[in-house]
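**Student:** Join these two chains into a complex; the hints should help.
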Amino acid sequence: MSLQKDVSELVKANIITTETADKILAFYSAKNSSSNNRLFTAFAMLGAILVGLGIILIIAHNWDEFSRSSKTLFAFLPILIGQIFCSYTLLKNQNNTAWSESSCAFLFFAVGASISLVSQIYNIPGDVGSFMLTWMLLCLPLVYIFNSSITSLLYIIGITYYAVNLGYWSYKSAEPYLYWILLFGVLPHYYHIFKNKPESNFMVYHNWLLPVSIIISLGTVAEKTEEWMFVAYISLFGLFCLIGEVDFFSKQKLKNNAFSVLGSFGTISLLLALSFDWFWEELTRNYFSIDEFISEPEFYDALVISLIAGFLFYTQNKNKSLKDIKPSAIVFILFIILFILGHISSISLVLINLLVLGIGISTIKNGAKMNSLGILNYGLLIIAALVICRFFDSHLSFVIRGLMFVMVGAGFFATNYWMLKKRKTNE
Amino acid sequence: MNNKKILLPAFIVLILAQLFVPAKMILDNENTLNTGIEYKFKVAPIDPTDPFRGKYITLFYDENTRTFQNEEDWKIDDEVYVLLTTDSAGFAKIKSLSKEKPVDNEDFVKATVGLILEDDKKIMIDFPFKRFYMEESKAYEAELLYDEIVQDSSQIAYTLVSVKNGNAVLKDVLINEVSIVDLVKNNRKK
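Protein chains in written order, with the numbering used here: chain A, 1 to 427; chain B, 1001 to 1190.
Incorrect hints may appear among the rest.
[To be verified] Listed next, the in silico DSSO-like pairs over lysine-lysine satisfying Cα-Cα at most 27 Å (straight line):
1. B:LYS1122 / A:LYS71
2. A:LYS71 / B:LYS1164
3. A:LYS71 / B:LYS1189
4. A:LYS197 / B:LYS1004
5. B:LYS1055 / B:LYS1024
6. B:LYS1004 / A:LYS195
7. B:LYS1171 / B:LYS1095
8. B:LYS1101 / B:LYS1121
9. B:LYS1121 / B:LYS1075
10. B:LYS1005 / A:LYS92
11. B:LYS1171 / A:LYS71
12. B:LYS1040 / A:LYS71
13. B:LYS1095 / A:LYS197
14. B:LYS1122 / B:LYS1110
15. A:LYS71 / B:LYS1024
16. B:LYS1130 / A:LYS71
17. A:LYS92 / B:LYS1004
Just so you know, the hints here were simulated from the structure itself, not pulled from any lab data.
This is chain B alone, in the form it adopts within the complex (with noise of 0.2 Å):
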């Protein structure tokens, strides 16, 4: 295959294939933080017996329960759209869990089903934002930061969420109104 004339043009078809993969991940992204919905969802404790797992901390989520009537309509990593509104306090809720995505203007967030609970008849999501990436020196410290505070009910924990038609962007993890990013620059200051 010596032939530049088919080469040439079929490598420039090629590098704007791989150029644009990326950049619509970056649109459809950009796309839903600046005009998606923010929702705050409130963050639970992890398991302390995780290992740590390197540059990003893991989250896990205090509203990621939900009753069902048949088992049989539930299979674990089963596509699940899970449908948001928010509580008296400003945090994100599940209102209802769908099987097919909504066509009404409803702000929804394309999950899987993460567990099963038989006996409580209740089925747990995995939640897509469960990662927040973190610069690599930066994240051991916010992981045990974030497990101490979390541990303490008397402080308010959650993720900012932007959520657009199904896709959800994880902004940032708050605690007490302030980044973790920061709470850990501070944190080394002291």
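Isolated chain A (complex conformation) (with noise of 0.2 Å):
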């Protein structure tokens, strides 16, 4: 109505014509109008998923009463539901992102839903690792026929949780290898949006959900040499660094780099699980023989991830010179370099805690460099962390310990007090 009296006044004032009036209020009718109909959509999805919850429920109550056969078609519903959405969705609605993203999601889950219904009909034990890939293999190409994003993330999921209940929870601990497989059904998905929707929400969701599922399930291969995991891990974890240099995500918001983010904070925390010494004593005692550990997969997984690491830092820095090339690039080489010392002498010990120093000071001068608070206190709270770790080490008597808090803390204080000073004197 307000709008009405200020466009009737700039009328009246000569600023605009009749003409430019009217557009503008049909203008703003037609928008109220499709914000209208988008609360409606939401409402009457609510009203629809209310009822569809009701007659689940009734039908769940009264779930003894029926026959097998009755029960058997109850089965068959929500598939049938979900693809005549699906269908329809094909056939005249296939541009439309709502009703494929939404079909789709339905879908999925009515799979999922239709072969747990059978199972509990003919009191079919639990074997989830089947379930899970059935229904995985299932929906998959839903992805590709509608470019169903949402179906991408819930077969990530899907597929992680197919591993992590193989790999891990299942007695006999089988290496679940299928998940890397299905884990590259979903990537020319993940291209996709790359190349046609690079600055949509979807593209971030993928951004963290495919590497979070990856340091989840890498560890599923882990056998009897568990400690090439942690140079399969570390270079992982280098990986993600380097990945996230590259020009499409490092000039994206930190909390869109979810390769930066992961590959940093990861490379940190490993890092200082590995200052202590209980790694290094286990390293200098198990001592394989070169035809032992060669036939692990553990080290053959370090193996090819330290090789596609190394091959993109190549391509990256190799017209760089020395002093350009960032730290964090190349933790992971240096980690090699000291897990092979490690086999042979304890120096690996101090090495890595002046690695992890030396990765926070260097966060730290970037931090200054870039003039952000963030990156420095970042580093600052890696230092700070290494301390504390040390703390618990009783090699150190309590007096030096002091002494490194209060080094620390010192830091904390001069470094923020000197930046935002720089920024004062620079306004």
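**Tutor:** Written as structure tokens, this is what we have:
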């Protein structure tokens, strides 16, 4: 109403013509009606969901009264409804993202629900591994037929659960190699989003979910020589840091640059865990001959990831001078050297601590250079974390530990104060 | 991929595959139920320390251990074919165990090695029909009733299982010839 008043005022003052006034009113009225339509759609969907849930509850309560054939018919219903929605989308609304995504999401869950229902009707025992595999394989084609990113995200969660269940939770702890093949199944879609919708939220969700899924599932390869898994993980995090530095990612906001965040955080966490002596004592104790570890899958895992990371490092830095190379990029190479050295000498323990300290200092310098308080304090936090870890080492006296804490605390104050002062003088 | 000429046939193949999987499960199990041999497996009391698991009751069986010759032959989670026979009271009994699928016309069930008791030189078999799904509100009451009755050795509790070609389908859980579902309903009326 106030818009109408304002527009009439402008017409009276000869600022705009009557024709322009009508166009403005028509524009805003259409906008309101489209937002009304969206609100109505949202409420309609909520209503439909509640009705659907109500029907399911009524059926569930009376489940025992149904014959087995009625129960099997009910088992097919979710799939049939989902397929009808998807068919309608494909035939009439192919370019409508809302229709594609919601009908595919519904069908995704319907497939799982149907197989579960049939299992319950016949009291079939739960073999989670084969259930998840069948479910995911039946839904992967939806990603490509409908370009459905929601199905892609759900699929990634599904195959991660499959890998975790098979690799960590089952007694036999079999290596779910199939996970890696299944992961490749979704990568073309990821590339498609990268090419066509790089700014979209789906791109951000995939950027986070894919590396998290890989981090969780990588450990399932571990069998006997678990020490090599540390090399594999540090190289993986190094690879993530390198990917995070590719132009497309480095220009984005930090919260969208999942590779950099996960790579950096993962590297530091792992290095801090390895800054204790337990790992290096184990290493010198369990001496493996080359023949022994060359037959282990963990070694090949570490080798493949390190080679990929090494190749990316080379392509990104071949034209740069030594000074320009980012320190975070070479951590994994240094760690490999320390790991090999660790088999024959205990000096690796000291060097690992120096490595973490070096990363902390370089991060602080980086933060100062980029005028970023966040990165500067992150560097200080790395050093603080290292000091806290050393606090728990019984080798050092209380005096030394106390002095370390004082130095780090003073460092926090000094660097932040210096940075803020620098900013003030630059204003 | 906007070409409907490729997408539509691909989608049709997909929906057929999605319908095929549950349909095959139903057909296989219906076939076993309708044409399989029925066996009665006597049930053992449930472990009272097991927490309530949800919408099904967990079943344990009396007849589930067997002695072995060589320990090296068996590992936990290994697949094992259990050949069946019946005892004088009409309840199922393990005739023998085999690592390979039996070729003769004998009744057998595909199971897994649950536990290896090295001192007694025995294997405990994990039968696949160890869960009986029930409507949610009845499952808890059924489990309590089952636990109470099965501790009493004068009561006869068993599961009715249809067996065919290694596939086993759990039909019902009966206590003194009454289905546990009916027992729960009758218990509620009291």
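**Student:** Now tell me if each hint is right for this structure.
**Tutor:** Here's how the hints hold up against the structure:
| no. | hint | result |
| --- | --- | --- |
| 1 | B:LYS1122 / A:LYS71 | violated, 40 Å |
| 2 | A:LYS71 / B:LYS1164 | holds, 22 Å |
| 3 | A:LYS71 / B:LYS1189 | holds, 25 Å |
| 4 | A:LYS197 / B:LYS1004 | holds, 22 Å |
| 5 | B:LYS1055 / B:LYS1024 | holds, 24 Å |
| 6 | B:LYS1004 / A:LYS195 | holds, 22 Å |
| 7 | B:LYS1171 / B:LYS1095 | holds, 22 Å |
| 8 | B:LYS1101 / B:LYS1121 | holds, 23 Å |
| 9 | B:LYS1121 / B:LYS1075 | holds, 13 Å |
| 10 | B:LYS1005 / A:LYS92 | holds, 14 Å |
| 11 | B:LYS1171 / A:LYS71 | holds, 14 Å |
| 12 | B:LYS1040 / A:LYS71 | holds, 25 Å |
| 13 | B:LYS1095 / A:LYS197 | violated, 64 Å |
| 14 | B:LYS1122 / B:LYS1110 | holds, 18 Å |
| 15 | A:LYS71 / B:LYS1024 | holds, 15 Å |
| 16 | B:LYS1130 / A:LYS71 | holds, 21 Å |
| 17 | A:LYS92 / B:LYS1004 | holds, 11 Å |
Checked against the numbered hints given earlier, this structure breaks hints 1, 13; the rest are met.
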